[in-house]
Amino acid sequence: MKPDTAQFRENAAAAIADPRLQSALAKLPGGLVAQRRAAVTALPEFEALRDEARAIRDATLANLATHLEAFEAKATAMGSHVHWATDADEARQTISNICNTANARLVIKGKSMVTEEIGLNAYLQNSGIEVVESDLGEYIIQKRGEAPSHIIAPAIHLTEADVEADFRSYHTHLDRDRELGTPERLVAEARAVLREKFLNADVGITGANFLISETGSSIIVTNEGNGDLTQILPRIHIVVATIDKVVPTLDEAMTLLRVLARSATGQDMTAYTTLATGPRRADDLDGPTKCHIVLIDNGRTEMLASDMREALRCIRCGACMNHCPVYNAIGGHAYGWVYPGPIGAVLTPALLGITETRHLPNASTFCGACESVCPVKIPLVSLMRTWRERAHNQGPRTRGARILAKLWSAAATRPALYHLLARFAVAIAGALGRAKGRFRRLPIARGWLKHRDLPAPQGRTFQQLWKEAERGVPR
Amino acid sequence: MSRNAILARIRVANPAPQSPPHEAKPAPASLASAGADAVLRFRTAAEAKGVIVVDVDQPANLPLAVVRTLSAANIPVDTIRLNDPALLALPLSDANVTLTRGAAEPHDRLSLSRAVAAVAETGSLLLASGPDNPSSLAFLPETHLVTVQRSTIIGTFEEAFALLRTRYGNSLPRTINIISGASRTGDIGGRIVQGAHGPRQLFVFII
Numbered sequence: 001m002k003p004d005t006a007q008f009r010e011n012a013a014a015a016i017a018d019p020r021l022q023s024a025l026a027k028l029p030g031g032l033v034a035q036r037r038a039a040v041t042a043l044p045e046f047e048a049l050r051d052e053a054r055a056i057r058d059a060t061l062a063n064l065a066t067h068l069e070a071f072e073a074k075a076t077a078m079g080s081h082v083h084w085a086t087d088a089d090e091a092r093q094t095i096s097n098i099c100n101t102a103n104a105r106l107v108i109k110g111k112s113m114v115t116e117e118i119g120l121n122a123y124l125q126n127s128g129i130e131v132v133e134s135d136l137g138e139y140i141i142q143k144r145g146e147a148p149s150h151i152i153a154p155a156i157h158l159t160e161a162d163v164e165a166d167f168r169s170y171h172t173h174l175d176r177d178r179e180l181g182t183p184e185r186l187v188a189e190a191r192a193v194l195r196e197k198f199l200n201a202d203v204g205i206t207g208a209n210f211l212i213s214e215t216g217s218s219i220i221v222t223n224e225g226n227g228d229l230t231q232i233l234p235r236i237h238i239v240v241a242t243i244d245k246v247v248p249t250l251d252e253a254m255t256l257l258r259v260l261a262r263s264a265t266g267q268d269m270t271a272y273t274t275l276a277t278g279p280r281r282a283d284d285l286d287g288p289t290k291c292h293i294v295l296i297d298n299g300r301t302e303m304l305a306s307d308m309r310e311a312l313r314c315i316r317c318g319a320c321m322n323h324c325p326v327y328n329a330i331g332g333h334a335y336g337w338v339y340p341g342p343i344g345a346v347l348t349p350a351l352l353g354i355t356e357t358r359h360l361p362n363a364s365t366f367c368g369a370c371e372s373v374c375p376v377k378i379p380l381v382s383l384m385r386t387w388r389e390r391a392h393n394q395g396p397r398t399r400g401a402r403i404l405a406k407l408w409s410a411a412a413t414r415p416a417l418y419h420l421l422a423r424f425a426v427a428i429a430g431a432l433g434r435a436k437g438r439f440r441r442l443p444i445a446r447g448w449l450k451h452r453d454l455p456a457p458q459g460r461t462f463q464q465l466w467k468e469a470e471r472g473v474p475r
Numbered sequence: 476m477s478r479n480a481i482l483a484r485i486r487v488a489n490p491a492p493q494s495p496p497h498e499a500k501p502a503p504a505s506l507a508s509a510g511a512d513a514v515l516r517f518r519t520a521a522e523a524k525g526v527i528v529v530d531v532d533q534p535a536n537l538p539l540a541v542v543r544t545l546s547a548a549n550i551p552v553d554t555i556r557l558n559d560p561a562l563l564a565l566p567l568s569d570a571n572v573t574l575t576r577g578a579a580e581p582h583d584r585l586s587l588s589r590a591v592a593a594v595a596e597t598g599s600l601l602l603a604s605g606p607d608n609p610s611s612l613a614f615l616p617e618t619h620l621v622t623v624q625r626s627t628i629i630g631t632f633e634e635a636f637a638l639l640r641t642r643y644g645n646s647l648p649r650t651i652n653i654i655s656g657a658s659r660t661g662d663i664g665g666r667i668v669q670g671a672h673g674p675r676q677l678f679v680f681i682i
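If you're matching them up, the sequences are chains A and B in order.
Per my numbering, numbering of the first sequence is gapless, rising by one per residue and ending at 475.
Per my numbering, numbering of the second sequence is gapless, rising by one per residue and ending at 682.
Chain A on its own, in the form it takes in the complex (with noise of 0.2 Å):
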């Protein structure tokens, strides 16, 4: 999809101002947060699993590239095709050859953020295949024509409401006076259209949790089913899969798969965790012919050779944007790309580069409770403070921002200065607020006086009162 991060501002903007959207993102904290913490509350190692996670992610990515060529060498061993492509065109066209010289003319779709990213439905569609999304929410969204909103919610910020209104255009094909007024009604709905799509489909294509190394195999996790329809049914299996996504073992697997679950659902295991191996073999009564998997770069070489180094440590469970305070006010699509929440403003500058999405890391208030919650202690705060840094050495400022940011440098590195200037600006603010003891506005901060009231200095600094006291002078 085409990025819509320059408009960052106006989109969060309009979010908050949308009635519909709010109340969908109201369900968050009593929803995933609440059922988060359920479960880590449950496991007394929580935290400790936390660092094994971090120091399983950290040694991996510290050889990468043996890991990949083992990865590649078992898969290949079992009997998958493994394809490499170093950006999102070349991976488009891999899989579009894949489909092409198997005449797909329907492929069928697990969820996959990787190929969100890298534009694959529309590609394919514009060469004559129609692509269907099979999990739930992405196959709402994308009838919609819209991008996920949270990375493992995707149709978050969609309300019931909104969702029987979509089916009742699609489905023309069924009883317009149908009852749908339930999740179940519409569940069994999506359920029956998509499983004439999963069963006509020529090729599956699903992403991955995790490739492993010791066995050749990729792991999906999915509540629905979806996935495993998606890589059971069609005759062509193609796994997509950015080069981050290897484990050396299936035990080191286990670690992250037991910090994912809790960390994105709350759930100890997702309902269904595959193991993929390869095509079917000579005596299987199903399963695909042919296994295809796509390691794609796409950026990541140049993340794990940069600062943002650590970012490649995560494991999409979504966390940090379910416990961010501007996530939950401004919703997933504000981000204007695939990647929304604080991930997303490390993630997206690195990937499209800072110049269009130079809003992004101001999206935080940094709270640091993404960093707190995170499965794998990526400094989410460190590194959108490390973009904010670069977007503003970079430019383009306005004037009048170039100016005060010298102003406040030349002031914020002269201790003596600095203390003169605060003193004389909390005596004047002292002065003036002195009869009621609070601002209820102020020229420079009308947003923020909306809501509550600015309580008036008493006259003095902080470090003047120090001194006062080391003198010992009454207060």
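Any given hint could turn out to be false.
Stated by the list, open to error - Here are the simulated EDC-like cross-link-like pairs (lysine to aspartate or glutamate), alpha carbons at most 16 Å apart as the crow flies:
| id | chain 1 | residue 1 | chain 2 | residue 2 |
| --- | --- | --- | --- | --- |
| 1 | B | LYS500 | A | GLU45 |
| 2 | A | LYS436 | A | ASP453 |
| 3 | B | LYS500 | A | ASP251 |
| 4 | A | LYS197 | B | GLU580 |
| 5 | B | LYS500 | A | ASP51 |
| 6 | B | LYS524 | A | ASP268 |
| 7 | A | LYS143 | A | ASP166 |
| 8 | B | LYS500 | A | GLU47 |
The hints are simulated quantities; they were obtained by calculation from the structure and are not laboratory data.
Once you've looked at the hints, dock chain B against the given chain A.
Chain B in isolation, oriented as in the chain A frame:
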């Protein structure tokens, strides 16, 4: 060639002496269990996920247990799809149940698989694909029945993977399914609904 270019870029990004390989730690102590304790934990965890768990004292009594359990759940028992020789050998047809062999077909309502093992830690079943237990059995029908040998209920996934290594060496079957409850979705309004794409209900028979 993209492969070599990517690997070369990774090696440039990782110039430092390679760190020693990471050593996997054992499963967290609070998740471990064995023997009767593991069976109890498995049952509790599976039931918490909405799975119906039934004890069967010997294989010969499985047909009766299946019929009783499904009747109690108001699920008609007419035809069951399965392909496992050990299960086909049981007197299921004596219980007025038609057995159809093979992989699952689109309109199958009931299927029966045999699990390799079950994991107490999360109440999960471990199924391995193959001619006896095609993995479509676990996803196409509306109701999935699974048998598991009581002695194969183990504590943690690390033990389950050790078992896979022993049984399959370094060549896994096409699909290993770790199943923890019936198919579900929370994608509409955040409320959990069972039976998204796979089975609406999952029954486990511990033999």
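Going through the hints against the structure:
| no. | hint | result |
| --- | --- | --- |
| 1 | B:LYS500 x A:GLU45 | holds, 12 Å |
| 2 | A:LYS436 x A:ASP453 | holds, 11 Å |
| 3 | B:LYS500 x A:ASP251 | holds, 8 Å |
| 4 | A:LYS197 x B:GLU580 | holds, 15 Å |
| 5 | B:LYS500 x A:ASP51 | holds, 11 Å |
| 6 | B:LYS524 x A:ASP268 | holds, 10 Å |
| 7 | A:LYS143 x A:ASP166 | holds, 8 Å |
| 8 | B:LYS500 x A:GLU47 | holds, 14 Å |
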